[in-house]
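Chemist: Line order of the protein sequences matches chains A and B.
Letter by letter, the first sequence follows residues 1 to 207 in the working numbering.
Letter by letter, the second sequence follows residues 1 to 442 in the working numbering.
It is worth saying that the hints were derived from the structure and are not from the lab.
Just so it is clear, the structure is predicted and the values come from calculations on it, not from any experiment.
Where chain A lies over chain B, by a calculated footprint (3+ residues, C-beta under 8 Å): (1) 91-105; (2) 240-251.
Residues of chain B placed beyond 12 Å of chain A at every Cβ, according to the derived structure: (3) Ala58; (4) Met131; (5) Ser141; (6) Ala189; (7) Leu203.
Heads up, the beta-carbon is just placed ideally off N, CA and C, and yes, glycines get one too.
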Amino acid sequence: MATVKVTEQKVILCGEYGVGKTSIFRRFANNTFVASSDRKSTLGLDNIDKEYVVEDRRIRLQLWDTGGMERVASVTSSYYKFAEAAILVFALDNSTSFHLLSQHLLDIVTYAENAKIFLCGNKSDLESVAPQVTDVEMEQFCEQCHNLISGIYKTSCKTGEGINEMFEDIAQHLVEANRSRMELHEMDKDRFKISYIDEAADPSCLC
Amino acid sequence: MNEEYDAIVLGTGLKECILSGMLSVSGKRVLHIDRNKYYGGESASITPLEDLFGKFKAPSPDESYGRGRDWNVDLIPKFLMANGLLVKLLIHTGVTRYLEFKSVEGSYVYKSGKISKVPIDQQEALSSDLMGLFEKRRFRSFLMWVQNMQEDDPKTWDGFDPFNNNMSALYNKFSLDKNTQDFTGHALALYRDDDYISQIAILTIRRIKLYSDSLARYGKSPYLYPMYGLGELPQGFARLSAIYGGTYMLDKPIDEIVIKDGKVVGVRSGDETAQCKQVFCDPTYVPDRVKKVGQVIRCICLMDHPIPSTSDALSTQIIIPQKQVGRNSDIYVSLVSHTHQVAAKGWFIAMVSTTVETKNPEVEIKPGLDLLGPIKQKFISISDYMVPVDDGLNSQIFISTSYDATTHFETTCLDVLDIFKRATGEEFDFNKVKHELGDEDQ
Ligand SMILES: Cc1cc2nc3c(=O)[nH]c(=O)nc-3n(C[C@H](O)[C@H](O)[C@H](O)COP(=O)(O)OP(=O)(O)OC[C@H]3O[C@@H](n4cnc5c(N)ncnc54)[C@H](O)[C@@H]3O)c2cc1C
Ligand SMILES: Nc1nc2c(ncn2[C@@H]2O[C@H](COP(=O)(O)OP(=O)(O)O)[C@@H](O)[C@H]2O)c(=O)[nH]1
Ligand SMILES: [Mg+2]
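When you get a sec, could you build the whole thing from the sequences and use the hints?
Modeler: Below is the structure:
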């Protein structure tokens, strides 16, 4: 089905080491989860494309992981260049990762000026066991950011909960942004409907 | 940091980042450290503009310069040859995907006090004032001979053996005059001095072919320049290294390279020591294993207009051949601008550089500065050109040479490939990388 070339929208993952960025990347890539912190398992994987259809529009999200550079150093500024969207990830069971978000946000607005920004609280499966960040705090954070944040999500890479919904919603935001930016067609009054085209059968997929 | 690695790379300049990427891709466990807070070392593009002014201890820029963070100013000016080694490395490693390039709009050469465009097609060549009509004809036969000759097919050599005759003999074969030789050796073969004339002709022929192959790729000039500045290049290779498992540490001072029985065994920072079998670094990390063989002067010029007589080009290169201004090494001028996202709207960055020959280097670059028109702000730096005195075969410390005055990356890549071979005993296998990255569109 996907024969027409659709321009890719670069989406980057940002946030502290250990919050689950690579796990989100892995869920997006092949819908798997690795419990151990075996960082080697994504070696050589740079970015992954996946096509979404928002009503009649196709859009390709191209997800980028940091490559673990944030562990001791900072991520290169070129990681942010040309990004259309940035997902600001923290872990719901780790308040430090939440409080350090503003630094990552600053990097995004500095180096990826035009990117839409989304907030993602990951490890929601641990929320009931070791809750550290509340919904109210997340909402307050968004208010403090003067509406810089286009969407808030809670995800669990362990159970897979919320992951697809997040990317579908991001796809919708980017389609809307493109639509108004390019003024290609009149805005649709109806709600957008999104469906995800399963590419598992695509042989060009890695793994 | 207290772990064991196959290789520790010190400094995140372009050469070290390419090496780090190549080593990680080859399956080595790599730790990559920089004493600075930022990536790139001398190959970084400085941003925001306030940092550049601060670096040279100048008072802050006024508001006419626009937004500080719209600026990304290179410290070392260079362009990529479109068909050159760096582009090959970028494509084979997939690092191209992190970058966007623009073709440089024109290349100029200085002759008798003014500049002329280096012709890029027959039409421009015919109207060019670089040479007289008869000389043009001779030069044309020379270029056609170069284009047609195949190294492995003596039938195409037309009786001239390029492996056993020097360049001077080839110039004589076509009766090219001194001005044309100047133009050929410096604007096409991109030599910095005239030593090449007495060397075998094939070396120069290869360089002229590289020039025209590069030109054939994009048409306007053989050169490319990355959006957001050259600092994007080391970062791209650093990411490649990280993706393949390399570990990065910035802002980490190096206190000692630990040696045992003449061989490197680790690197110490404070009371932490990382063990390793090999170290790769730039000269600044090992002052006792390098020697100074010269100096390079570079002058960054911020301007609110393009260079006069270049048809308002937003990017250009000008080569001032040594003999034209009574020197032993060429002066280079390069210009990039807001169109490359390296300067605020309406601004241009020119850089004049050359190898230092006298006690008064600022006077040496004057012929270059004089071509630029009014300059709003000038920053001059003079850096030592260092080469290793240790080839690393015993110590296992592999040191890159400083960045030279050439305006492209050919020597940079040759140094890197040579270091890689010395350290691993094998040539870098370009094919190792590509297909593993799952990149569809190449
Ligand atoms: C820097 C430079 C200066 C030149 N100056 C002169 C000059 O003063 N007088 C003169 O007669 N000729 C000059 N030429 C050569 C000229 O532009 C023609 O390439 C040459 O005359 C051959 O023409 P052709 O019609 O046989 O080949 P064409 O059919 O034009 O081209 C044959 C092949 O050469 C390539 N090519 C064509 N033009 C160029 C070019 N300019 N550079 C690189 N590749 C090219 C084409 O892509 C093609 O692959 C110059 C070339 C260069 C690169
Ligand atoms: N329980 C739970 N663990 C998670 C979740 N996401 C990631 N992890 C674990 O958290 C650790 C760090 O994840 P990783 O993706 O490497 O984080 P990164 O450093 O941000 O890339 C790993 O051990 C993961 O298995 C999640 O949603 N729930
Ligand atoms: Mg990770």
